[in-house]
Amino acid sequence: MPLLEPVLCKRIPTAPWGDPRDRKYVNYEAFVATGGYAGLKKALAMEPKAVIEVVKASELRGRGGAGFPAGMKWSFLPPEDGKRRFLTVNADESEPGTFKDRMLLDFDPHLMLEGIAICMHACRLDTAYIYIRGEYHAQAATLQRAIDEAYANKIFGAGSMLGQINGRDAECFMHRGAGAYICGEETGLLESLEGKRGWPRIKPPFPAVAGAFGRPTIINNVETLAIVGPILDRGADWFKTMGKGRAEGVPPTVPASFGPKLFGISGHVNTPGVFEENLGIKCSELIEKYGGGMRGGKKFKAAIPGGISMGVLGTDQYHAELDFDIGRKYAVLGLGTAGVVVMDEDTDMVKALRNMIRFYAHESCGQCTPCREGTGWLSKMLHRIEAGDGTTRDLDLLSEIAGSMGAMPGTTICGLADGANWAVRTMLNKFWGDFEKRVRKERFVSLSVVGAR
Amino acid sequence: MITKADPLAQTLTFKIDGKAVQAPAGTTILTALRSIGKEVPTLCYSDRMQPYGACRTCLVEVEGRKPVASCHTPVAADASYKTHSPLLTRLRKNITELIASDHPLECLDCTANGRCDLQSLAQEVGLRTPRYENARTHNPPKDDSHPFIKLEMAKCIGCGKCARACDEVQGSFILGMSGRGYDVKVIAGNDTGFEKADCVSCGQCVFECPVAALEEPGTRLFGLPDTTVITTCSYCGVGCSLNVNVKDGSVVNIEPNPQGSANLGHTCVKGRFAHQFAHSKDRLHTPLIKKPDGGFREASWDEALDLIATKFNEIKKKYGPAGFAAISSSRCTNEENYLMQKFARVVMGTNSIDNCSRVCHSPSAYALGQALGTGAGTNSFQDVAESDVIMIVGANPTEAHPVFGARIKQAVLKGCKLIILDPRNTELAKLSDLHIPLRPGSNVAVINAMQHVLVKENLIDPDFIAKHTEGFTQLKAELEPCTPEWAAEIAAVDPDLIRRAARLYASGKAAQVLWGLGVTEAGHGSNAVFGMINMAVMTGNIGRPGTGTNPIRGQNNVQGASDVGALPNVFSDYRSVTDPEARADHRRVWGIEPPSDKGLRIPDMFDAAHHGTLKAMYILAEDVAQSDPNTTHVVGALESLEFLVVQEIFMNETAKLADVILPGTTFLEKEGTFVNSDRRIQRVRQAIDPRPGTRIDGDIINTIARRMGVDLGVDAGPGTPIDPSKIMDELAHLTPKWAGVSYERLEKMGFIQWPCYDKDHPGTEIVHLGGETLRPNHLAKLTITPWQEPGELPDKEYPFMLTTGRMLFHYNVGTMTRRTDVSKLDKAKEETLRIHPSDARKVGVVNGELVNVTSRRGSVQVKAQVTKATNPGTLFMTFHFPESRTNLLVGSAVDEFTGCPEYKISAVRVEKVTAAARPETRDPADEVQHAK
Ligand SMILES: Cc1cc2nc3c(=O)[nH]c(=O)nc-3n(C[C@H](O)[C@H](O)[C@H](O)COP(=O)(O)O)c2cc1C
Ligand code: SF4
Ligand code: SF4
Ligand code: SF4
Ligand code: SF4
Ligand code: FES
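From first to last, the protein sequence lines stand for chains A and B. The numbers in our numbering rise by one with no breaks, and the one at position 413 of the first sequence is 413. The numbers in our numbering rise by one with no breaks, and the one at position 266 of the second sequence is 266.
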């Protein structure tokens, strides 16, 4: 069943409810006039702990990529000790194929600010930092405008409706990144926020215990926080009427896929853009109904479900349901950001993978040996294969190093290398023929090299 | 990593390779597996730094979960870990192969060959040639610019250890990683190279580098050492334990000893790199006898020693004990110092023996002894990690005691509050919470005012005062007029600063006071020390971890030289020469009646020489003509002697005045012990043979005694070498607080901190535990400390205050450091006058211009260095460069209790040298114009 009403896109005209050409900035007055900050008012009337319980009950999972249950994250904080505690909002949105947070920041930043204020109240956080992607110049200006409006209307600042938290006025600041993908990784973000190189931290300690400036810190994605206001306003049960829900027979301890979600569609479709739908919508439905079908009537070949770090869906996985179970069911890493990149039958998979891996090699922070050296070699080898100098041995080596790098096999500090790992392995596994063809043909030409070894 | 185990942590049980293991929660898997003798490869982990978790070779398997890096992952209850498995070997091999793919693999041509972590790892995982084609894409040029630190990025494996060592151990933040991904590289400063980046050349980055990306020249020239000798640094009072690597009888290089208790595997530029002096061509290599024309001729040892024996006997006969005095050396071992004082007392029959602590820390020893019952600091270096407030008075540890300075810096970076009383804007002052930039000579006033505030604002611990002290009522009355306003006037600071400092000090749960030569050499030093002790005692900050009153001793063994009795008024253990019990002990052991004359202190010796009562002196490794204040007076004294013996390693100003010069040896060539600043007795071990023609100092003293017909009982018969362990046994026997010290125990324990009362005593980390002092009645004495004007004040003619001190790269008069490559460092090349920009403007000089600095005693010429490191009105010079003759300027006022000179303060004026007055060639001698 399709989504009945837009939630995140309530004030942002989006098909099928509105025309994207009508989108414009929703200022404080317009936001409040359409029911904005009602969730905050309700939350402020509640005990902080009770707010966390609502979020927990909603089973909201993080929208930034990892899908970690937000309510659970909020309850990990140590007891207050009168010193500072932080909220950092991850608006670094740098995952290729992902541009959903941008839409929220462009048009309805107050929706996120409401979530921020609720989170600060619930978790007793006195200061919020919104870490915004360096390239988001226009968005930064809009966001600052919204923050200023929020201060002017006593959402934050001295005498705000949040009152004193940890003995301090609640503050909300914007911090601009400088153009590094790794600063979207939560601990890389914290380092960057502290003015250091954005090198992800080893864990433990986790940010909830020692995050920004060594103090307890919550980190959430823009979209995660944006949905918190509506949840508080209309209740967890309402939220759970949306989305795929929990499959039958699955115990309630296992996180499920509730609620609406922003999906970005790009690539070889007719109408790319950001749309709001239930979690669990089929990839095919998304392409056909929202993406306007395949561009030029070409055949579907592959799709990346949620940012390139998730790997690819194969040609036969056209109908994959886009929810948090996608990883297990379709041999990809996960739903990720739900930024779907569609590829048609003419796509050169070798070239596509080379392009993806070049990104990781460029963005690897260079801290962990396997990622630093590994992404470098993956990139060099793929360039070689693309140029026609590869051998089947190169393909084996590709999947061997890719398979041994990442936080999943335990060989890196952060998840960036897992992205490279999954991109390479799913491409090779699902499109082995495309790769084999390339190297086999060329093997003949560079036989001397093979013989030399 | 240097962290204290949390005593409250819960104990967890888990399995490693099937074996049940227990460890407190928070222990890393690596620590746990090492505790049962297991090992995993590590490339980026070091015991001295926080875990980094980047190389991932230390992975272990966790049953039912993904592998984790053992170096930073804490153990989990009931987990089961595997240190080796086919999966782990495969992952490790992949990692090794990746690194090797971009590594020169020219192992034969590499200085790390045989001790390279990457090489061993490749062997362990069975890697031969990497499978990647067209490897070696990085090949940047070598950075050879630094004299000690060579950087070859092509070999870098990106482990980040160097940068972390610089941050977390040295605290200089010079190195960083730049670029990202495959292009990550190590840079110094903003990629400006080491020196421009203010590198202090401590060498820690080189020490930690697991490969040869950072290397030092020694290893490049010589190859792998054949032996490693553990010894103790001979430069400063930190007493760093060093690994001296030797090949074919020469020092290849010196590295920190990772097990060193005082330095925890760290060193400064001096201990680490300034050792070539031992092999210097300038070393004295034969005895020299003065010719009638004033020059020297080479002589045989026999001739020189016989001459000395005859002369000393003659003098003794002719003038009695009063005709002779000896100066012992804090550069030499305890055993040699003990021997020297025994020589003076037993052979020459006089108490006129002193050592240079007179010119540095005698006020500390005196005041600590009076107030608390022992003449040394109360706590240990490691205590800075447990203090929540540290107050430093008149010391610049990051330059003068760099390894300890670095520890303080780390403590401060971790949140310990820091109060600085210092006229200079030192590195630590910049990091401090509160800096009182007091006028030189006003220490006592400010410290008194701080005590006043403590009492007035009731920031004291009345219970502790009642239980553990005496003299509070009188002190309280005396402090009444010492208001912050009164002191502020004298010190030229804001009174509020003094109030806040006192409050901050009192706010500490564990507050400690540290001081240096800026207190003891600043006149009325004893009173300042008494005042600081009062502060500690009144607030109950004594006898607990992180508290106490601790002098930072200047030279490597000033503490020891005094401990073993190279002082006129006391035997070893500071037992008075008039104490009947001590005399009886010595009579029994020495077999003679110990002398009962009132021995001469060093300044008295020079006076006595001028008066003609003192006729002969034996000076051991002390360049008094250079380093003592009021050079002119000292030179005159030495010139007036009938016979002067100087034992030295290099020709120097004092030696030039000698009748006989004896070539001694360096610490690298002898056996013995040093005592560092926190009472730590550590072994000095022979690393290389004495250079040809030189002799071990202790042997020389003993042979002179033998030739004078006295057996000091420290050899195996005439003509045999001394046995330092035998000397230590005698010393321990005569020294109650050292009774438990022996070479055997030192060998086993690595170090012993005195007091150590018997053979089962573990030594004492913190003295006066629980507030019970070592005085006979176990009470701390609160002492009244009236403020007096410093001996010298600025006036119209001499409007500036000159203070003197050290800089990092050199040591004392530079005899040793300036004969090493250290002097190739830009910052270490020449003396400068540090002058505040506003003063420079007044005098009309700019940076680098030549100025005349003139005091009431003399004038010297030096380059001005305009810097905000000193305060307006206060100037600074070091005494490392004999040619600049800093000491010509220094005053002759002394501490009333101990005769310690007021080295730190002299009134001077500064004038720009006009072009005409500038000498053509800068012959050092030309720069010295004696004032009348
Ligand atoms: C390499 C890397 C890049 C990431 N970039 C982003 C990002 O740009 N935006 C984001 O919200 N989360 C990003 N994440 C995920 C964050 O680490 C973190 O999981 C997320 O911000 C948590 O918020 P959520 O729980 O609300 O999803 C990234 C993770 C990795 C490993
Ligand atoms: S996995 Fe890669 S990006 Fe992440 S910390 Fe390690 S080197 Fe940096
Ligand atoms: S020598 Fe010392 S100060 Fe210089 S870069 Fe290395 S660690 Fe840092
Ligand atoms: S220079 Fe040495 S210590 Fe520094 S990162 Fe490279 S390999 Fe590691
Ligand atoms: S001079 Fe001092 S700090 Fe430097 S190595 Fe020697 S003992 Fe250590
Ligand atoms: S030693 Fe553990 S990751 Fe390097």
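One thing to keep in mind: the hints can contain errors.
[Claimed, not checked] Here are the simulated EDC-like cross-link-like pairs (lysine to aspartate or glutamate), alpha carbons at most 16 Å apart as the crow flies: (1) A:K380 - B:E133; (2) B:K509 - B:D388; (3) B:K311 - B:E642; (4) A:K289 - A:E321; (5) A:K83 - A:D169; (6) B:K247 - B:E669; (7) A:K196 - B:D167; (8) B:K93 - A:D169; (9) B:K316 - B:D597; (10) B:K414 - B:E168; (11) A:K380 - B:E168; (12) B:K19 - B:E61.
Since the hints were made in silico from the structure, they are not lab data.
Tested hints:
Our distance criterion of 16 Å between C-alpha atoms is met by K380 of chain A and E133 of chain B, whose separation comes to about 10 Å. Distance hint between K509 of chain B and D388 of chain B is fulfilled; the C-alpha atoms sit about 7 Å from each other, no more than 16 Å. Taken as a hint, the K311 of chain B and E642 of chain B pair is honoured in the structure, with Cα atoms around 10 Å apart against an allowance of 16 Å. Restraint check for K289 of chain A and E321 of chain A: the C-alpha separation of about 14 Å stays at or below 16 Å, so the hint holds.
Straight-line distance between C-alpha atoms of K83 of chain A and D169 of chain A comes to about 12 Å, which keeps the hinted pair within the 16 Å bound. For the hint pairing K247 of chain B with E669 of chain B, the CA-to-CA distance comes to about 14 Å; that is within 16 Å, so the pair holds. Pair hint K196 of chain A plus D167 of chain B holds up; C-alpha atoms about 13 Å apart against a cutoff of 16 Å. Restraint check for K93 of chain B and D169 of chain A: not satisfied, since their Cα atoms lie roughly 53 Å apart, outside the 16 Å limit.
As the CA atoms of K316 of chain B and D597 of chain B are separated by approximately 14 Å, the hinted pair is consistent with the 16 Å bound. With a C-alpha separation of about 11 Å, the suggested pairing of K414 of chain B with E168 of chain B holds against the 16 Å cut-off. Taking the CA atoms of K380 of chain A and E168 of chain B, the gap is near 36 Å; set against the 16 Å cutoff, the hint is violated. Taking the CA atoms of K19 of chain B and E61 of chain B, the gap is near 14 Å; set against the 16 Å cutoff, the hint holds.
Hints 8, 11 from the earlier list are contradicted by this structure; the remaining hints agree with it.
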